[in-house]
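There are 2 protein chains.
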Amino acid sequence: MSAPIHELVAELGDDVVVTEPDRMAGYRYDRAHDPDAGTPLAVVRARHTADVQAAVRFAAAHLLPVVPRGAGSGLSGGSSAVDGGLVVSLERMTAIDVDPVTRVVVTQPGAMNAQVKAAAAEHGLWYPPDPSSYEFCSIGGNVATNAGGLCCVKYGVTTDYVLGLEVVLADGTAVRLGGPRLKDVAGLSLTKLFVGSEGTLGVVTEVTLRLVPQQRPTATLVATFAELDDATGAVLDITRRLRPSMLEFMDRPTINAVEDMTRMGLDREAAAMLVVQSDEPAGHAAAEIAEIEALCEKRGATEVFTTDDPAEGQQFVTARREAIPAVERTGTLLLEDVGVPLPQLGALVDGIAAISAAREVTIAVIAHAGDGNTHPLVVYDPADADMAQRAQTAFGEVMDLAVSLGGAITGEHGVGRLKRPWLGGYLGDDVMALNRRVKDALDPLGILNPGAVFD
Amino acid sequence: MSAPIHELVAELGDDVVVTEPDRMAGYRYDRAHDPDAGTPLAVVRARHTADVQAAVRFAAAHLLPVVPRGAGSGLSGGSSAVDGGLVVSLERMTAIDVDPVTRVVVTQPGAMNAQVKAAAAEHGLWYPPDPSSYEFCSIGGNVATNAGGLCCVKYGVTTDYVLGLEVVLADGTAVRLGGPRLKDVAGLSLTKLFVGSEGTLGVVTEVTLRLVPQQRPTATLVATFAELDDATGAVLDITRRLRPSMLEFMDRPTINAVEDMTRMGLDREAAAMLVVQSDEPAGHAAAEIAEIEALCEKRGATEVFTTDDPAEGQQFVTARREAIPAVERTGTLLLEDVGVPLPQLGALVDGIAAISAAREVTIAVIAHAGDGNTHPLVVYDPADADMAQRAQTAFGEVMDLAVSLGGAITGEHGVGRLKRPWLGGYLGDDVMALNRRVKDALDPLGILNPGAVFD
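Residue numbers (our numbering), protein chains in the order written: chain A, 1 to 455; chain B, 1 to 455.
Same shape as in the complex, but just chain A (with noise of 0.2 Å):
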């Protein structure tokens, strides 16, 4: 039995609801390439929140199960579409408004980050949270993973920032939950509740976001080590005294893939390289810098270079955002997002390489490695069927590490559908049945974004 989606087409128009294989086929996938994606019956091209209420209602009706997507920039399959399903796109919300007396922007969740950023930035105000993605990755994709980035180090993610959401739930009721108040605790923290939780609890709509005043000029360090255990140490120095609005990590493989990208002389003899910057007021960041340059050389750094321009700076920092894509160059990736208590960082690093080793598999490692978030990247060739199932070992194996070192299986990209076998084992079966029950009480039906995250 097939639901009568031609009703929904007379109610929302055809150049809404997209029915068309052709014109779907791009809605299927996220970043991750999902090889289990499905094909959806529809895909609802929302221009508001009534369009979305529409499709969630007739979702409900029909027990048709709903992904939200945004700009399709996941990295966990997130919004992979489901057979006979919705895809419910938010690329067409892109409205922005910014009160600057208020200090937040109200957004819906198709724009850019970067849009946001902008938009910020004319009235002098900054949005923090930076994915690497920032540039095509949507404010409605990064609520629902409580998406992180570079600067988190210092100025937190996503969460931090939210301060009110307008969400359609599963009934296709649509509630204001929390607003332009950064204090508010009347009633239970629901804003909170839906930050990071991907769909599967409803469809965000409309977002309100702390601003904060312009990112000061930063300064920039970078230092190359010989050894792993120098880079990860130093960043536990630095880390242990001092707050720089950046401290990145990449290790020989990916030194070497962005260096073949970009030839812009990367040491490729490095086993690691820190990218660390300072936003501290006039004086104080070549101040910070100075420090941080002192613990990398105590310990034993090869190469030092340290620059107050921005400009110069903002080229070590690209080169680090085009890590992922440099790295895709060389093979098909299973993409890692693990997380550790700082303390750990050395070795969740070399336990990453002797899984590599053991695995014959190359592992590029890029770090958030101020915040122990880390996103080993397992490079294989998908012809090769005995490599794709040694890094398909390896993927589970650098979970099952990061877990075994106080971690998590994901710091800023979500479970998903990639990393779902993994959830129940690292939240245990206690935390694992309450996030049951609040998925339940919200979508009883079990329609939102069904595979992603829950079983």
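Keep in mind the hints are simulated off the structure, nothing from the lab.
There's no promise every hint is true.
In this list, chains with the same sequence are indistinguishable; a pair is considered to hold if it fits within one copy or across any two.
Calculated pairs, DMTMM-like style, for lysine to aspartate or glutamate (alpha carbon to alpha carbon, straight line, at most 25 Å) [to be verified]:
# : residue 1 : residue 2
1 : K154      : D400
2 : K298      : D99
3 : K117      : D237
4 : K154      : E122
5 : K154      : D279
Since we're looking at a predicted model, the values are computed, not measured.
Fit chain B to the known structure of chain A by using the hints.
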């Protein structure tokens, strides 16, 4: 039918399970002095998580209300005892463990906010949230209410620092949520859901808090204004451009109450006073304060005093912190905690003055002005029945006013029992129903802090 409390006494001992009315008397009220506070069946003075679990299991088996209690400093009646229920006191669970490398503190809920700050300071670290009551409020209570304070205008509220919790659920199961990781998006954001849940979803038995480097020495400004609108206008001018680490407001009745108590020479004729601090690095703090001074003068401040001496500045901060006790000496208080979007601060303050005049009761206004969170204190003489009635009317009118201005009925104190009648009207039916669904999913028997937040 009464529950066989002797069984719980036998299990935990009579040092833990107190049933003598005299010894229980001190556990009936919090600082809100709820006249409807009940008489508990027993007070469980838990030594560790297992005691809490035993108490909750006993309560679940016998359908008894469980009221979690920290230091009893709550201002909304959230820990008023319930007739025939168990008060679960966390006052004995005070262990604090700072990990300076991971830069977190793991603390039991009974530790005072000030003790956590002090433990962090021993390692050069800082736990920012600072309710005025920080010396006598517990971290567990701070988590229960998502408490704020004075530095929140720059540093955020309790939830922004909570990385992990141990919680005893309604069936006595203890679960660990989150942990010492700055990024963790594996599963729903349950850690954040429990923050601010006022004991209605579980009993928090351990808290993992993020720490930041010690605050720098502060520069301070005190400005007085002849007109309320000039003071609130100055607040907007300041927050539009700058990011002070404190931005507090006191009106004339508050200034006079504080002056009566402290005799520190405050201007009794001023309509309002601002206390502002900057903790920017050396040189920059004084510059920020100078900018604020210019903004206050532009708004016609009658007097502006600035100091770089942290000790001198601290006197004014102490005056502000003692405002509630100072006003309390003038009568019995109904404590408001309304917050509005910043541009509405002037309208809120003016509207409160109008309510005060119309109802012929003093309403002294203190505010964390920089984040729009105000504490109007409705003062009355309980022996004067007519005045008590007018005070109660004014109390409701202030909340109605805040809501009409886009504000919230409680910014940082919690709904508790005193503001429960206003919660539904503020949230609306749909959001109230959503709150209720989550509550029912996690506490199906309704034993956790009944009467607080929910009917």
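Are any of the numbered hints broken by this structure? If so, which, sorted upward?
1
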